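Please put together the full structure from these sequences, using the hints given.
Next come the chains, spelled out residue by residue.
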Amino acid sequence: MEELLRMEHISKRFGNFYANQDINFSVAKGEVHTLLGENGAGKSTLMNILIGLYQPTEGKIFLNGQEVRIDSPSQAVKLGIGMVHQHFMLVEAMTVFDNIILGDKHAKGVFIDRAARRKEIEALSEKYGLDVQLDKLITDISVGEQQRTEILKALYHGAELLILDEPSAALTDIEVEGLFAIMHKLIGEGKSIIFISHKMREVLRISDRITILRLGKVVGTVNRADTDGQKLANLMIGKELTESQYEKIDASGAEVVAELDHVDFNKESKHSGLSDLSLKIHAGEIVGVAGVDGNGQTQLAQLITGVLAPDAGEVHLKGKRVAVFDPNGFIEHGVCHVPEDRNLQGLIGDMSIAENLVLKDADDARFSKGRGLLLKKRAIGDYARRMAEKYDVRCTSVDQSVRSLSGGNQQKVILARELENDPALLVMAHPTRGLDIGATSFVHEQMIGARERGVGILLISADFDEILEMSDRIVVCFEGGIMGEFSGKNPPVEEISLAMTGK
Amino acid sequence: MEKLKKAFGACLVPLLSILLAFLIGGIIMAALGADPFVAVKFLFQGAFGTKAGIGTTLTKATPLMFTALCACFAYKCGVFNLGGEGQFLMGSMAAFLTCYFTGLTGFAGIVLALLAGALAGGIWGMIPGVLKITRGQNEMIISIMLNYVATLLMGVIYTSWIRDASVPQTPAIDEAVHLPRIVSGMRFTWGLVIAIAVGLILYYVLFWTNAGFRLRAVGYNMTASRFNGIPVGRYMLASFIVSGAIAGLGGSAELLGTQFRLINGFGAGYGFDGVAMALIGQLHPIATMLVALFFAVLRVGSTTMQAATGVPTSVSDIIQALVIVFSVAGMALTKLPEFEAWKNRVFGKRKEGAA
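Chains as they are written, first to last, in our numbering: chain D, 6 to 508; chain S, 400 to 754.
Quick caveat, the hints were computed from the structure, so don't treat them as lab data.
Just so you know, these numbers come straight off a predicted model, no measurement behind them.
Accuracy of the hints is not assured; some may be wrong.
[Said to hold, decoys possible] Using C-beta positions, here's what the derived DEER-type ranges look like: (1) Leu735(S) with Glu457(D): 41 to 49 Å; (2) Met544(S) with Asn426(D): 37 to 45 Å; (3) Thr501(S) with Asp387(D): 51 to 59 Å; (4) Ile426(S) with Lys222(D): 53 to 61 Å; (5) Leu129(D) with Lys405(S): 52 to 60 Å; (6) Leu735(S) with Ser257(D): 52 to 60 Å.
[Claimed, not checked] Some but not every residue of chain D turned toward chain S, in silico, with C-beta under 10 Å: (7) Gly311; (8) Asn333; (9) Pro344; (10) Ser357; (11) Lys365; (12) Ala367.
Cβ coordinates follow ideal geometry from the N, Cα and C atoms, glycine included.
See the structure below:
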């Protein structure tokens, strides 16, 4: 098949961090080429380079055999590259028609020949089966129709290469079928598609070729015919099992610190809900939750820390049923949380390190007189300096805003706050995401230390190696449910990765 | 060191804004044919030159301090109360009606009227708060709308219900409930003392208590506050009520100390002036009060300036507007990473190593 796009030796560096490193990637005419990889594997960076939002640090891009420089999104459109973002870029208060002609390059004069434009769009819509109601407002149409509008818009602006970023994430099953039918039509007409997804089943159904990214590098490009879910999962998460340096513990006899009993939350959504999930966490063990991102892990973490309330089912903390779902109540029951987004959920960026460290207990007698009536700022400062030392927070002063710290040091501030509260249950969501090796191993050491003090730990991570390294017990999250439970000692890697794909 | 750096960053923008505003104001004065140095001299002389002038400046500053503190407190909690004016008016109406109907005089009458004003302002502030928290409505729009409701309600009072003969104003309140002056020969009253006390209390609450600490945390990052067990909705509602009560208290102090009656134009513009002053004061209660005083100086002094040099008072308005423009622009500027880098260079700090 004739080659449409070739990206050669693409690297993109941010500071010392390579988001993309020496990536080779090509798309043929009439092909669906899937980019597969975990969050943070570098898919978005690569696509942002392709649509002109980023300039590569190194590497070349060829379109139809000619080298091109794509220095802006409008340049990308001109070259026939159209992207349908995961979160649609539509003006909600305008009609479908107006959205499609927005930024139209056909228009010569000041006025828009609406009748002619309309005919063009209707012809395109007919040709590719992109059924949309042109005169409806975006707010009045379904998500699937919004997506068709986006695709139609890209085609109208002359796209030969379509990038679909997680197009099925927001769709119902029936709408996904419709989308696939459209994709077949598009490649039948010689268009090419880059499909970004981490849903194995869809990838296997629709792709011609699959390129797997991991940690910013290409792990491999395979033909659909030569692979299966198992092989892909192995490539995606890295298959070599290294012996864990930590001893694995069987804590099944210990006290149950937290229990989810047949819990439902937003059950209809397979990727942002939980359905009939049951899970026990004992004191003094690390339970690892493995799974491809977006199978309910976020909801699981927020539910067991009181941020979300279940639609059905019960939550028990230390044997007591929880009646009111509110983070404060959970904190009082000894639940601590290292949330997945440390800047948004964990820290008050504009406040100082010291203030963040005492955020939960400034009314404690150590830090204030009269239960919060007069803060003892000196005591808070002294405490913060002690914590900065104990948790190795590298800063010039504890009065420095926490925003000015590196990610690793921010995470240590959160760890210090949560662990010093002497938790019974510690929920950690992606605790080492974006951290360097030193900070990562510090976090891991702290986890082991907490486990030895009898803390029950729920570790949610998209980093499969981390799950294998740390967990005493491994459960797999798939489409909002638990797909299997495995021992952390000599974990059956093949079985676990199969479970992650829903088999 | 770190604290010094923060203080430096916080003071730099307002001071530079004022300097730049005067610079441009001076150019305009020169273009009008006046000597800017002389004009500015008269400006300050008008505000501070005589005992009566100082009294007038402080009187003018008092209501501005209240509405500025009202905005300051709400913004600290991350909610945008643009209803300072309505809350101010509700406070003045409540104070007036209390005096008018109870006929209480003396200390008891004053205290009751002030409390009634604070209560009315608090309730008026609570409405957008409740609608925001329970219904997710935009608090800015609702609080602005409530300003009109308050203005029109006051209009009904002084044109129909309690009109002073044929004049569209209410009768004045009894002299026995006037807020007493502190220094004879100077117009300002105990209202100023109350304003300063409120400012100091806000400073203490915001920076020295756990409640204020948590309130600021909510203002900076609502999500993280919720994840850390802070009842976000309760804090937001409380800040609406307290902020409304401050404005309401200001309205009653203005009525009892300066205006004595409800009349067309009572408190007009104070609400939005307060918002601007709170922003220039970097949402610090004490700085906010100083900014309110500065604005009062510009307003009072400009009349003297016009009389002495012929420079119209509108030049003073231009300076006030420029201070606002420069402050807002400056605050956006300080958010840029380049500014942070520059500040670090000034303080000779090496960037911490990535860890």
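Each hint, compared with the structure:
{"no.": "1", "hint": "Leu735(S) with Glu457(D): 41 to 49 Å", "in the structure": "holds (46 Å)"}
{"no.": "2", "hint": "Met544(S) with Asn426(D): 37 to 45 Å", "in the structure": "holds (44 Å)"}
{"no.": "3", "hint": "Thr501(S) with Asp387(D): 51 to 59 Å", "in the structure": "holds (54 Å)"}
{"no.": "4", "hint": "Ile426(S) with Lys222(D): 53 to 61 Å", "in the structure": "holds (60 Å)"}
{"no.": "5", "hint": "Leu129(D) with Lys405(S): 52 to 60 Å", "in the structure": "holds (57 Å)"}
{"no.": "6", "hint": "Leu735(S) with Ser257(D): 52 to 60 Å", "in the structure": "holds (55 Å)"}
{"no.": "7", "hint": "Gly311", "in the structure": "holds (8 Å)"}
{"no.": "8", "hint": "Asn333", "in the structure": "holds (4 Å)"}
{"no.": "9", "hint": "Pro344", "in the structure": "holds (6 Å)"}
{"no.": "10", "hint": "Ser357", "in the structure": "holds (8 Å)"}
{"no.": "11", "hint": "Lys365", "in the structure": "holds (6 Å)"}
{"no.": "12", "hint": "Ala367", "in the structure": "holds (4 Å)"}
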